[in-house]
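J.: Here are the chains, one letter per residue:
Number of protein chains: 2
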Amino acid sequence: MSFFDKIKRPTLLLDEHKCRENIRWMAEKARRSDVIFRPHFKSHQSVIIGGWFREEGVNAITVSSVGMASYFADAGWEDITIAFPVNLREMDEINRLAGKVTLNLLVNSSETLQILEKNIRNQAGIFIEIDTGYHRSGLTVADSATIERIADICRGSSNLHFQGFLSHFGETYRASGRKDIEKIYRYGEKQLKQIRDSFNSEGSGIISVGDTPSCSVLESFPGVDEIRPGNFVFYDVMQLEIGSCISDQIAICIAAPVVDIYPDRNEVIVHAGAIHLSKEGILSNGKMIFGLVVNITEEGWSAPIEGCFVSNLSQEHGIISLGPSLLQTLRPGSLIGILPVHACLTADAMKSYSTFQGQSVSMFTGF
Amino acid sequence: MSFFDKIKRPTLLLDEHKCRENIRWMAEKARRSDVIFRPHFKSHQSVIIGGWFREEGVNAITVSSVGMASYFADAGWEDITIAFPVNLREMDEINRLAGKVTLNLLVNSSETLQILEKNIRNQAGIFIEIDTGYHRSGLTVADSATIERIADICRGSSNLHFQGFLSHFGETYRASGRKDIEKIYRYGEKQLKQIRDSFNSEGSGIISVGDTPSCSVLESFPGVDEIRPGNFVFYDVMQLEIGSCISDQIAICIAAPVVDIYPDRNEVIVHAGAIHLSKEGILSNGKMIFGLVVNITEEGWSAPIEGCFVSNLSQEHGIISLGPSLLQTLRPGSLIGILPVHACLTADAMKSYSTFQGQSVSMFTGF
Numbered sequence: 004m005s006f007f008d009k010i011k012r013p014t015l016l017l018d019e020h021k022c023r024e025n026i027r028w029m030a031e032k033a034r035r036s037d038v039i040f041r042p043h044f045k046s047h048q049s050v051i052i053g054g055w056f057r058e059e060g061v062n063a064i065t066v067s068s069v070g071m072a073s074y075f076a077d078a079g080w081e082d083i084t085i086a087f088p089v090n091l092r093e094m095d096e097i098n099r100l101a102g103k104v105t106l107n108l109l110v111n112s113s114e115t116l117q118i119l120e121k122n123i124r125n126q127a128g129i130f131i132e133i134d135t136g137y138h139r140s141g142l143t144v145a146d147s148a149t150i151e152r153i154a155d156i157c158r159g160s161s162n163l164h165f166q167g168f169l170s171h172f173g174e175t176y177r178a179s180g181r182k183d184i185e186k187i188y189r190y191g192e193k194q195l196k197q198i199r200d201s202f203n204s205e206g207s208g209i210i211s212v213g214d215t216p217s218c219s220v221l222e223s224f225p226g227v228d229e230i231r232p233g234n235f236v237f238y239d240v241m242q243l244e245i246g247s248c249i250s251d252q253i254a255i256c257i258a259a260p261v262v263d264i265y266p267d268r269n270e271v272i273v274h275a276g277a278i279h280l281s282k283e284g285i286l287s288n289g290k291m292i293f294g295l296v297v298n299i300t301e302e303g304w305s306a307p308i309e310g311c312f313v314s315n316l317s318q319e320h321g322i323i324s325l326g327p328s329l330l331q332t333l334r335p336g337s338l339i340g341i342l343p344v345h346a347c348l349t350a351d352a353m354k355s356y357s358t359f360q361g362q363s364v365s366m367f368t369g370f
Numbered sequence: 004m005s006f007f008d009k010i011k012r013p014t015l016l017l018d019e020h021k022c023r024e025n026i027r028w029m030a031e032k033a034r035r036s037d038v039i040f041r042p043h044f045k046s047h048q049s050v051i052i053g054g055w056f057r058e059e060g061v062n063a064i065t066v067s068s069v070g071m072a073s074y075f076a077d078a079g080w081e082d083i084t085i086a087f088p089v090n091l092r093e094m095d096e097i098n099r100l101a102g103k104v105t106l107n108l109l110v111n112s113s114e115t116l117q118i119l120e121k122n123i124r125n126q127a128g129i130f131i132e133i134d135t136g137y138h139r140s141g142l143t144v145a146d147s148a149t150i151e152r153i154a155d156i157c158r159g160s161s162n163l164h165f166q167g168f169l170s171h172f173g174e175t176y177r178a179s180g181r182k183d184i185e186k187i188y189r190y191g192e193k194q195l196k197q198i199r200d201s202f203n204s205e206g207s208g209i210i211s212v213g214d215t216p217s218c219s220v221l222e223s224f225p226g227v228d229e230i231r232p233g234n235f236v237f238y239d240v241m242q243l244e245i246g247s248c249i250s251d252q253i254a255i256c257i258a259a260p261v262v263d264i265y266p267d268r269n270e271v272i273v274h275a276g277a278i279h280l281s282k283e284g285i286l287s288n289g290k291m292i293f294g295l296v297v298n299i300t301e302e303g304w305s306a307p308i309e310g311c312f313v314s315n316l317s318q319e320h321g322i323i324s325l326g327p328s329l330l331q332t333l334r335p336g337s338l339i340g341i342l343p344v345h346a347c348l349t350a351d352a353m354k355s356y357s358t359f360q361g362q363s364v365s366m367f368t369g370f
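Protein chains in written order, with our numbering: chain A, 4 to 370; chain B, 4 to 370.
Hints were generated in silico from the structure; no laboratory data involved. A portion of the hints provided could be inaccurate.
One copy or two, either will do: identical chains are not told apart, so a pair holds if it fits within one copy or between any two.
Distance condition first, Cα-Cα at most 27 Å in a straight line; then the derived DSS-like pairs of lysine-lysine [said to hold, decoys possible]:
#1 Lys182 with Lys103
#2 Lys9 with Lys103
#3 Lys11 with Lys21
#4 Lys32 with Lys121
#5 Lys32 with Lys9
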């Protein structure tokens with residue numbers, strides 16, 4: 004029985020070659036730019052894919068939860084930044100981790116840092132997150148008093164060590180094209196530099212940035228010390244729309260069984276719904292879409308088929324809008340491929356990957 | 004350590020009392036209306052919650068995938084309808100199930116049915132799905148030739164038995180208020196009756212419907228034989244907006260640790276993102292929201308707090324928009340509750356529940 008025939012249900016296919024190429028390309032760019040490459044592992048959440056990063060010389064990683072940090076620490080990763088504001092309810096696990104690996108934490112409040120300082124029993128690095136315009140989490144240039152207090156508490160602590168300023172230029176996810184992305188990067192980097200220059204009396208404190216659009220589009224990273232991109236490991240339809248990648252770089256795809264064919268509507272129904280792809284949509288040519296459609300074969304998948312897309316999702320159903328020529332080639336039980344809008348959410352929903360070599364690639368399944 | 008103190012990470016709380024009340028109320032309504040109650044278990048996906056249905060006399064259930072059917076069959080459920088078009092790639096598992104339980108399948112194409120007929124080795128019931136206006140899957144009144152062919156194939160088969168017409172009035176999810184829902188129900192029920200009357204020369208074939216808005220709002224179910232609601236087991240913000248429930252009936256809630264507080268923005272950041280709540284949003288008073296906010300205590304949660312909602316989600320972050328009075332009561336490490344927009348997707352994402360009695364309620368974790 005061929006690999007293809009073994010696919011019974013919605014299955015997340017991973018093109019190992021494309022994925023490794025994405026990793027190699029970004030690692031090489033970081034080396035060339037002389038910045039620390041600390042990739043965000045929240046996108047793939049897999050120790051196996053982590054191993055592919057290791058082969059490219061990566062030793063330091065970023066994650067987005069304490070649970071994910073523990074998963075990678077247990078797999079031998081020894082230098083981990085949790086790029087999510089410290090959750091004080093996880094103090095026990097933070098202590099366990101800090102005793103085991105080189106751990107960096109994100110703290111944006113002096114109250115949190117004081118409680119952390121009182122309860123931490125091992126060494127840990129502290130980053131302050133700077134909000135340069137995304138307005139999710141982080142302090143701004145205007146919060147200099149809080150930034151100073153955080154640096155002060157670290158100075159007086161025997162366990163906590165100030166590491167620098169970290170930012171996620173998430174506005175780039177709403178950008179369109181290279182120029183827009185570069186503008187956001189320059190604007191953010193300028194603010195980060197301004198903040199570091201004000202507080203850097205001891206010469207310490209790195210600048211760490213990390214969105215996939217900036218890291219993909221920029222040739223080098225002037226003004227920063229570390230990059231933490233994550234999504235680039237797979238890319239997706241959102242990054243394609245932004246202009247961060249070409250479709251050939253997209254490294255995951257859901258294989259979806261066709262269950263119903265409606266020629267009058269130019270639609271087919273597949274088993275691949277919101278619980279597989281996630282409910283993340285994106286406006287593309289004025290239409291909300293939930294994925295692009297590709298042909299899949301034993302060896303890989305095609306470029307996106309023009310005019311074909313996932314037009315709606317419910318829990319298990321995906322509705323595919325497509326032209327009559329593709330529709331005629333499909334039968335009940337055929338497989339089509341769907342490139343996800345947001346690869347990180349799709350990977351998290353699917354909880355494992357299948358390579359074209361028939362390997363099952365496991366991932367973190369907790370929170 | 005109290006139950007509350009044990010919550011470290013985003014946790015899906017289940018109010019067993021509210022959930023059992025929802026089940027009891029719908030079971031009683033079905034009995035009063037003299038219709039078969041075959042609840043959709045895709046919403047909770049849990050054998051433990053399934054047991055609460057059994058206590059209300061439920062013996063027949065609906066699921067949305069073959070995997071889910073196997074999970075419930077293994078737990079002793081013996082009468083299962085898979086209300087999702089047959090996926091021919093799962094023939095082996097369908098055969099196994101059909102040999103073990105009373106199994107009903109959904110078939111909307113004569114081609115699928117012919118292949119099914121050739122490969123099925125055990126008895127199974129066949130429903131035809133009728134699309135009365137939702138335009139997801141199903142045949143329409145205009146597809147009488149296909150409907151006739153499907154009935155014909157069943158007549159000639161020793162294993163497949165025509166059971167009737169099944170519909171999901173999904174348009175009710177876009178309705179606002181009782182009148183709108185009733186109108187959709189009457190319109191759909193009329194079409195179903197028309198189709199049954201044309202094909203019911205043998206007097207067989209039931210009419211099965213099942214959306215939560217109709218089943219919640221209607222006092223009885225004239226013209227139908229079976230109801231299959233699922234979401235009502237928990238309800239959610241979407242059902243609240245539609246007018247299918249009151250907020251006090253919502254039976255699940257995510258407990259989210261507060262990690263950052265931004266008084267200037269009237270926002271707090273919680274650990275509860277798209278991988279916990281799902282990325283399903285809903286327009287409420289002209290704003291896209293991803294959940295409503297409640298206070299949680301050791302015993303349960305409050306009504307939604309006016310003017311507080313989840314305004315955005317990324318993978319792990321939730322941004323809560325709230326007034327200064329609530330904001331002042333919160334500290335890093337506080338817990339707030341979030342009522343989900345779409346309970347079925349949130350439950351599926353979280354993969355288990357915690358009751359206020361400290362019980363962990365497991366669920367199906369496959370596809």
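J.: Tell me, which hint numbers fail for this structure?
T.: Violated hints (numbers, rising): 1, 4 and 5; every other hint is consistent with the structure.
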